[in-house]
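K.L.:
Sequence:
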Amino acid sequence: MSRADYLNRCDAALADKPRLAAVFDAAWRGDLRARALAEPQDPAFGYPTAYWWPMLDLMSPGGAFAPEVQARMETGLDVLWPKMTERDRSDVTARLRAGGPSVCDELLAAAAFAVEFGREAVTLPTAAPHERKPEFFVEVPPARWAVECRQLQDAREVQVRNDQMIRTGQPWITPAQPDRDANRLRSAIVGKIKRAQGGGPTFIILSSYTPWLMPDEMQAVVRRILREPGSVGLAESDLPIGIACLFWTVVQGVWFCDPACAAASIEGPLRERIRRAVVRGFVPRTDTEILTETGW
1 MSRADYLNRC DAALADKPRL AAVFDAAWRG DLRARALAEP QDPAFGYPTA
51 YWWPMLDLMS PGGAFAPEVQ ARMETGLDVL WPKMTERDRS DVTARLRAGG
101 PSVCDELLAA AAFAVEFGRE AVTLPTAAPH ERKPEFFVEV PPARWAVECR
151 QLQDAREVQV RNDQMIRTGQ PWITPAQPDR DANRLRSAIV GKIKRAQGGG
201 PTFIILSSYT PWLMPDEMQA VVRRILREPG SVGLAESDLP IGIACLFWTV
251 VQGVWFCDPA CAAASIEGPL RERIRRAVVR GFVPRTDTEI LTETGW
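Under my numbering, the first residue of the sequence shown is numbered 1, with each subsequent residue one higher.
One or more of the hints may lead you astray.
Pair ranges (Cβ atoms, derived) [what the hints assert, rightly or not]:
id, residue 1, residue 2, range
1, Pro40, Glu86, 14 to 24 Å
2, Glu267, Arg9, 38 to 48 Å
3, Arg33, Gly230, 31 to 41 Å
4, Trp81, Ala27, 30 to 40 Å
Distance condition first, Cα-Cα at most 20 Å in a straight line; then the derived PhoX-like pairs of lysine-lysine [as the list claims (entries may be wrong)]:
id, residue 1, residue 2
5, Lys194, Lys133
6, Lys133, Lys83
7, Lys192, Lys133
8, Lys83, Lys17
In short, the hints are calculated from the structure, not lab data.
Beta carbons: idealized from backbone N, C-alpha and C, even for Gly.
Turn these sequences into a full structure, and let the hints guide you.
P.N.:
Below, the structure written as structure tokens:
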């Protein structure tokens, strides 16, 4: 396929997605096309993840980049857009056009919880522009919890190469023996938990875009943090109600913390609805079962 064919494929995918089409509007697409076709090499030019999704699906069919995932991004944007301030809309437009996958995770999470609990259950926080805040809240009386999407950043060299892959669509080969440092991963996850911004019960979605640890190793780290918080310097009051771990959009596991859930009035059936929302809203792993606090 030529570079023009790439762009045609991505443009065509927006035909039934009016919110994304408004973000990646005709003027923006025209400018992108002119710049893309003028570049001598693909790696010199970046493509936004949400726009480039049909090409990711073509290069790696199904799974993490299945075409329906882009449709879920559209749903998430449609859920959040009417509730956003003009500043928020400008910010999300800029982030989508800039290209990274983190904003895509946020849209997928919004769609997931809206489909499971209703659009009215998803509300946006109010905060000054400089203040950090969760992505959104979910209200299912008497429970109310924040949802935060956080990225697990790997070693700097891996980040740089991964960013280039995301921007350009050019894959890079993972080293045969990647740097699998469970202690570094544990510290990163603890840091995300300590920086939770919900001001109350929080559900955290952690995404990794490079094979930092093998899935079973990553899951063991999360399980220990939730079951033995003192071993990593966390108080029980620091713990989120639950954590979901993703590799790209593929759900590896979803775990809940009993004490945090009890304090937030989130009982068994509601936990399972949260788990179901995440699994259906992203992409469930098919190589083995999704691990849970009891699925070992």
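K.L.:
A separate judgement is required for each hint: does it hold in the structure or not?
P.N.:
Hint-by-hint comparison with the structure:
1. Pro40 / Glu86: 14 to 24 Å: Between Pro40 and Glu86, where Cβ atoms are some 39 Å apart, the hint is violated.
2. Glu267 / Arg9: 38 to 48 Å: The hinted range 38 to 48 Å holds for Glu267 and Arg9, with Cβ atoms some 46 Å apart.
3. Arg33 / Gly230: 31 to 41 Å: violated, 56 Å
4. Trp81 / Ala27: 30 to 40 Å: violated, 19 Å
5. Lys194 / Lys133: holds, 13 Å
6. Lys133 / Lys83: holds, 15 Å
7. Lys192 / Lys133: holds, 13 Å
8. Lys83 / Lys17: Cα-Cα ~19 Å, so holds.
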